[in-house]
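Take the given structure of chain R and dock chain W to it, following the hints.
For reference, the chains in residue letters:
Protein chains: 2
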Amino acid sequence: METITLEQVSRLLFEKDNFLILMHKSPDGDAVGSGYALCMALRSMGKKADTLCGDPIPEMYRYFTDCVPDQGVDPEYIISVDLATTNLLCGKAAEYKDRVDLCIDHHGSNTGYAKAGYVDGTISSCAEIIKYLFDVMQIEIDKNMANAIFTGICTDTGCFKYSSVSPQTHRTAADLMELGADSAYICHLMFDSKSKSKIMLEKFVLETLEFFSGGKVAFVLITKSMMEQSGALECDTDGISSMPRQIEGVKIGITMREKDGGEYRFSVRTSDEIDASAICKNFGGGGHKAAAGCSMHKSMKEAKDEMLKVCISMLEEMV
Amino acid sequence: METITLEQVSRLLFEKDNFLILMHKSPDGDAVGSGYALCMALRSMGKKADTLCGDPIPEMYRYFTDCVPDQGVDPEYIISVDLATTNLLCGKAAEYKDRVDLCIDHHGSNTGYAKAGYVDGTISSCAEIIKYLFDVMQIEIDKNMANAIFTGICTDTGCFKYSSVSPQTHRTAADLMELGADSAYICHLMFDSKSKSKIMLEKFVLETLEFFSGGKVAFVLITKSMMEQSGALECDTDGISSMPRQIEGVKIGITMREKDGGEYRFSVRTSDEIDASAICKNFGGGGHKAAAGCSMHKSMKEAKDEMLKVCISMLEEMV
Numbered sequence: 000m001e002t003i004t005l006e007q008v009s010r011l012l013f014e015k016d017n018f019l020i021l022m023h024k025s026p027d028g029d030a031v032g033s034g035y036a037l038c039m040a041l042r043s044m045g046k047k048a049d050t051l052c053g054d055p056i057p058e059m060y061r062y063f064t065d066c067v068p069d070q071g072v073d074p075e076y077i078i079s080v081d082l083a084t085t086n087l088l089c090g091k092a093a094e095y096k097d098r099v100d101l102c103i104d105h106h107g108s109n110t111g112y113a114k115a116g117y118v119d120g121t122i123s124s125c126a127e128i129i130k131y132l133f134d135v136m137q138i139e140i141d142k143n144m145a146n147a148i149f150t151g152i153c154t155d156t157g158c159f160k161y162s163s164v165s166p167q168t169h170r171t172a173a174d175l176m177e178l179g180a181d182s183a184y185i186c187h188l189m190f191d192s193k194s195k196s197k198i199m200l201e202k203f204v205l206e207t208l209e210f211f212s213g214g215k216v217a218f219v220l221i222t223k224s225m226m227e228q229s230g231a232l233e234c235d236t237d238g239i240s241s242m243p244r245q246i247e248g249v250k251i252g253i254t255m256r257e258k259d260g261g262e263y264r265f266s267v268r269t270s271d272e273i274d275a276s277a278i279c280k281n282f283g284g285g286g287h288k289a290a291a292g293c294s295m296h297k298s299m300k301e302a303k304d305e306m307l308k309v310c311i312s313m314l315e316e317m318v
Numbered sequence: 000m001e002t003i004t005l006e007q008v009s010r011l012l013f014e015k016d017n018f019l020i021l022m023h024k025s026p027d028g029d030a031v032g033s034g035y036a037l038c039m040a041l042r043s044m045g046k047k048a049d050t051l052c053g054d055p056i057p058e059m060y061r062y063f064t065d066c067v068p069d070q071g072v073d074p075e076y077i078i079s080v081d082l083a084t085t086n087l088l089c090g091k092a093a094e095y096k097d098r099v100d101l102c103i104d105h106h107g108s109n110t111g112y113a114k115a116g117y118v119d120g121t122i123s124s125c126a127e128i129i130k131y132l133f134d135v136m137q138i139e140i141d142k143n144m145a146n147a148i149f150t151g152i153c154t155d156t157g158c159f160k161y162s163s164v165s166p167q168t169h170r171t172a173a174d175l176m177e178l179g180a181d182s183a184y185i186c187h188l189m190f191d192s193k194s195k196s197k198i199m200l201e202k203f204v205l206e207t208l209e210f211f212s213g214g215k216v217a218f219v220l221i222t223k224s225m226m227e228q229s230g231a232l233e234c235d236t237d238g239i240s241s242m243p244r245q246i247e248g249v250k251i252g253i254t255m256r257e258k259d260g261g262e263y264r265f266s267v268r269t270s271d272e273i274d275a276s277a278i279c280k281n282f283g284g285g286g287h288k289a290a291a292g293c294s295m296h297k298s299m300k301e302a303k304d305e306m307l308k309v310c311i312s313m314l315e316e317m318v
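Taken in order, these protein sequences are the chains called R and W.
All residue numbers for the first sequence refer to numbering that gives the first Met the number 0, where the first residue is 0 and numbers rise by one.
All residue numbers for the second sequence refer to numbering that gives the first Met the number 0, where the first residue is 0 and numbers rise by one.
Think of the hints as simulated: they come from the structure by calculation, not from any bench.
Heads up, a few of these hints could be off.
Same chains, same names: a pair is fine if it fits in one copy or spans any two.
[Said to hold, decoys possible] The calculated lysine-lysine pairs, modelled on DSS-like cross-linking and capped at a C-alpha distance of 25 Å, are:
no., residue 1, residue 2
1, Lys223, Lys46
2, Lys24, Lys193
3, Lys288, Lys195
4, Lys303, Lys280
5, Lys215, Lys193
6, Lys215, Lys303
7, Lys280, Lys193
8, Lys250, Lys195
9, Lys303, Lys195
10, Lys223, Lys202
11, Lys96, Lys46
12, Lys24, Lys297
13, Lys303, Lys288
14, Lys300, Lys202
For reference, chain R alone in the conformation it holds in the complex (with noise of 0.2 Å):
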């Protein structure tokens, strides 16, 4: 892949026609905000620009999607915003997968697939990197374009709470006010509202809620039945892998997911000096410092006890 700087993109996206800009499967904010502000950008100078996901739009973006109808567009020109790999491209977009020509992504990550490429791994989102696009290219950015980019900052940054967000993220958001974006409607949708499905999960989870070693490690269970029973969606799952480490004083936090075929997987969250990868290669998995993962075919007891005594001589190793 051609790394080039944002005059070059800008350059291209005068020049070309006939865009088709594809986006992850289950598409977050900030993929959804950035495909879609590109997607208006590219019409408000009055070129064909269509988008594409394999997986359908989630409806709490309709408020900025729904302006953005599709025009059949014969595509020319492949753009990806948001994407790390080509893997994560399914249905008919996993069909453009070797013929992306641009990519534009805030992935260090990224796998470098695309002929070129704009790629800053150090910025929030990818929304964030459209926004200064839009700024080289002198884009008039309308109500909807702001609300796109915003949604795309906001959700990618957990409402600017991740160590991702820069004085310029926060800027950047304040323009994007000025430009029209309704800041307040979008955090409430996107961070103020949760589903019947996933308030029901939360609720059979919390009662399988339990702690060791004195309050350091705290273990939650998702049983296949809970998630049949709830009806929650396997995004639903997201926020509560997360929940067990937030409780005051816990150092360790496992999520224990009962998958098909026997399978457990695991989900484990650290903080300070804990490291969640050691743990979990134990049992032939892996990860980053502070979140990692693993699976085990064992009974739901022997896989738990297993992975807690794992857990618990660490924590005694470190006193």
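Leaving out everything else, chain W in the frame of chain R:
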């Protein structure tokens, strides 16, 4: 109360000495952040200054309060921050309730109890005003002051979520980060950590969750025994009152709280067109359109049934 400008506030602070800064009871991030930032600034000018709150300062603010040990100042000039009314002073702080010389606040409902005051109800937080004041005073803001002010802004805006956030709020956050505020650390501490007792209370409360009117009404109960068993504090119930309304499709969220002497206290949160204060008026209570409260002296069952009857009939009228 004489309404004065930030320039006049600045002049008073340069003229006077031996300051005492009062904070309200159950101090939150904005009270503590504003009070301690102002105290640090006054000391940096070579003045004597102390803070005073009738309640203990919560542990979670120690990362910036630890550097402001009490100086045993003999107070001559009394300042209040983030204090809408002197009814919110308690303990030793209440002794100064008729002696407040200067008030700096962002509550539109400020009762004007001070000799002079700067009150702007359109600003997100008192801490944001403190930052503007420091700019006027040309205070050299150090890392501790930046952390204190950032804490006030982010806690009073639900981490930049509320409609009180302006573009200037985000720009102020950006400035504070550049002055050394540990944005990600603060947000993690304020929003991503929960006490064990709060999570136990959530577990008990979720077990009582019921839906009515086809999912448009959500109801939860907090009993005295749940409070005892979980060891939860009063402040742990804050987030719970907003939980039922946050569930998708819910128009009226009801939290019923068992108090002493056979009293049941209701917190009603609504969305869209539904008037929470009209619901609570039926029982002698009141509040705002989206959040109101009332109290009943009845059996648990009667109190619950009467509240639900009013809510359900209000929803039926809307159809």
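Quick rundown of the hints versus the structure:
| no. | hint | result |
| --- | --- | --- |
| 1 | Lys223 with Lys46 | neither (48 Å within a copy, 64 Å between copies) |
| 2 | Lys24 with Lys193 | within (21 Å within a copy, 32 Å between copies) |
| 3 | Lys288 with Lys195 | between (33 Å within a copy, 24 Å between copies) |
| 4 | Lys303 with Lys280 | within (16 Å within a copy, 52 Å between copies) |
| 5 | Lys215 with Lys193 | between (28 Å within a copy, 14 Å between copies) |
| 6 | Lys215 with Lys303 | within (16 Å within a copy, 39 Å between copies) |
| 7 | Lys280 with Lys193 | neither (34 Å within a copy, 29 Å between copies) |
| 8 | Lys250 with Lys195 | between (30 Å within a copy, 13 Å between copies) |
| 9 | Lys303 with Lys195 | between (28 Å within a copy, 22 Å between copies) |
| 10 | Lys223 with Lys202 | both (15 Å within a copy, 20 Å between copies) |
| 11 | Lys96 with Lys46 | within (23 Å within a copy, 66 Å between copies) |
| 12 | Lys24 with Lys297 | neither (31 Å within a copy, 53 Å between copies) |
| 13 | Lys303 with Lys288 | within (21 Å within a copy, 48 Å between copies) |
| 14 | Lys300 with Lys202 | both (22 Å within a copy, 23 Å between copies) |
The structure shown violates the earlier hints numbered 1, 7, 12.
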